[in-house]
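Peer 1: Going down the list, the protein sequences come from chains A and B.
Per this note's numbering, the first sequence starts with residue 4, numbered consecutively.
Per this note's numbering, the second sequence starts with residue 2, numbered consecutively.
Keep in mind that the hints were calculated from the coordinates and are not lab data.
Treat the hints loosely; a few may be bogus.
Chain A is faced by these chain B residues, among others (derived, beta-carbon under 8 angstroms) [what the hints assert, rightly or not]:
| no. | residue |
| --- | --- |
| 1 | H30 |
| 2 | L40 |
| 3 | P44 |
| 4 | G59 |
| 5 | F61 |
| 6 | L83 |
| 7 | S87 |
| 8 | S95 |
| 9 | G98 |
| 10 | A102 |
| 11 | P108 |
Covered stretches of chain A (chain B as the covering partner; in silico rule of three or more C-beta atoms under 8 angstroms from a C-beta of chain B) [what the hints assert, rightly or not]:
| no. | region |
| --- | --- |
| 12 | 46–53 |
| 13 | 88–97 |
| 14 | 100–113 |
Pulled from the structure, derived: some chain A residues nowhere near chain B, Cβ distances all over 12 angstroms [to be verified]:
| no. | residue |
| --- | --- |
| 15 | Q36 |
| 16 | E70 |
| 17 | N74 |
Just so you know, even glycine gets a beta-carbon here, dropped at the ideal spot from N, CA and C.
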Amino acid sequence: GQQVMQIPQYQHVQEGEDFTTYCNSSTTLSNIQWYKQRPGGHPVFLIQLVKSGEVKKQKRLTFQFGEAKKNSSLHITATQTTDVGTYFCAPFQGAQKLVFGQGTRLTINP
Amino acid sequence: DAGVTQSPTHLIKTRGQHVTLRCSPISGHKSVSWYQQVLGQGPQFIFQYYEKEERGRGNFPDRFSARQFPNYSSELNVNALLLGDSALYLCASSPTGAGVAEQFFGPGTRLTVL
Numbered sequence: 004g005q006q007v008m009q010i011p012q013y014q015h016v017q018e019g020e021d022f023t024t025y026c027n028s029s030t031t032l033s034n035i036q037w038y039k040q041r042p043g044g045h046p047v048f049l050i051q052l053v054k055s056g057e058v059k060k061q062k063r064l065t066f067q068f069g070e071a072k073k074n075s076s077l078h079i080t081a082t083q084t085t086d087v088g089t090y091f092c093a094p095f096q097g098a099q100k101l102v103f104g105q106g107t108r109l110t111i112n113p
Numbered sequence: 002d003a004g005v006t007q008s009p010t011h012l013i014k015t016r017g018q019h020v021t022l023r024c025s026p027i028s029g030h031k032s033v034s035w036y037q038q039v040l041g042q043g044p045q046f047i048f049q050y051y052e053k054e055e056r057g058r059g060n061f062p063d064r065f066s067a068r069q070f071p072n073y074s075s076e077l078n079v080n081a082l083l084l085g086d087s088a089l090y091l092c093a094s095s096p097t098g099a100g101v102a103e104q105f106f107g108p109g110t111r112l113t114v115l
């Protein structure tokens, strides 16, 4: 089945710095979703990408789906303390089975 | 509107015991999925139910079972608990049973097995 690898596993930045997490698959993905999980919280849906080369923006967040649909990235511009959490990429496999990566944990020094 | 609700929030059990976790989806959502999240890892898919039928099963032993009721709420049952079953159990609901759709997660049940 589909598996995704996320890098880096951990990232610590100064507030105001940019942050990027990458999601890579050895197989072509039909779609990918991104979720954010705050410390002690539950995953919250951020975005869904389905088209090759797709780019979507949400305020300071930019999501990309690779041309070959084997990788995706999330970039946050000028991080804020509210961005703290773990970011997961997760393609759908089969019915409604999300296959989560191991996540990138973002911590921010104010 | 209320989000996905789960009960209990925390639970402590001993090895060999049985546990039942409950989930109420968002009103109007007919699909419920269960995930297990071990500390420091991403959630792992256990089951999906839609219209009271099992639509998907992850790589978990038969000690794990679930069901969905006519009101679309769901129960996850785990028998013969092992220490390794200690985890956050997440329920997610979706309005449809198939296709790519946003999953709405509940706050989870934190299970500790001693």
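Peer 1: Now look at each hint and say whether the structure bears it out.
Peer 2: Status of the hints after comparison with the structure:
1. Violation of the interface hint for B/H30 is found here, the shortest Cβ-Cβ separation to chain A being roughly 11 angstroms, above the 8 angstroms cut-off.
2. Interface restraint check for B/L40: the shortest CB-CB distance to chain A comes to about 11 angstroms, outside 8 angstroms, so the restraint is violated.
3. At its closest, the beta carbon of B/P44 sits 5 angstroms from a beta carbon of chain A; the interface hint therefore holds under the 8 angstroms criterion.
4. For B/G59, the interface hint holds, since its Cβ comes within 8 angstroms of a Cβ in chain A; the closest pair sits about 7 angstroms apart.
5. Given hint, B/F61 at the interface with chain A, is violated; its Cβ is 12 angstroms from that chain's nearest Cβ, farther than 8 angstroms.
6. A least Cβ separation of about 22 angstroms between B/L83 and chain A goes past the 8 angstroms threshold, and the interface hint is therefore violated.
7. The closest approach between the C-beta of B/S87 and any C-beta of chain A is roughly 16 angstroms, which is over the 8 angstroms cut-off, so the hint fails.
8. About 6 angstroms separates the beta-carbon of B/S95 from the nearest beta-carbon of chain A, less than 8 angstroms, and the hint is met.
9. A cut of 8 angstroms between beta carbons decides the hint on B/G98: the least distance to chain A is about 7 angstroms, and the hint holds.
10. A hinted interface residue such as B/A102 counts as satisfied when its beta carbon comes closer than 8 angstroms to some beta carbon of chain A; here the least separation is about 7 angstroms, so the hint holds.
11. Of the supplied interface hints, the one on B/P108 holds, with its beta-carbon coming within about 5 angstroms of a beta-carbon of chain A, less than 8 angstroms.
12. Counting residues of the region 46–53 of chain A whose CB lies closer than 8 angstroms to any CB of chain B gives 5, so the stated coverage by that chain holds, three being the minimum.
13. Using a Cβ-Cβ cut-off of 8 angstroms, 4 residues of the region 88–97 of chain A lie near chain B, which meets the minimum of three, so the contact claim holds.
14. Counting residues of the region 100–113 of chain A whose CB lies closer than 8 angstroms to any CB of chain B gives 7, which reaches the minimum of 3, so the coverage claim holds.
15. The Cβ of A/Q36 sits about 7 angstroms from the closest Cβ of chain B, inside the 12 angstroms cut-off, so the non-interface label is violated.
16. With a minimum CB-CB distance of about 20 angstroms to chain B, A/E70 clears the 12 angstroms threshold, and the non-interface call stands.
17. With a minimum CB-CB distance of about 17 angstroms to chain B, A/N74 clears the 12 angstroms threshold, and the non-interface call stands.
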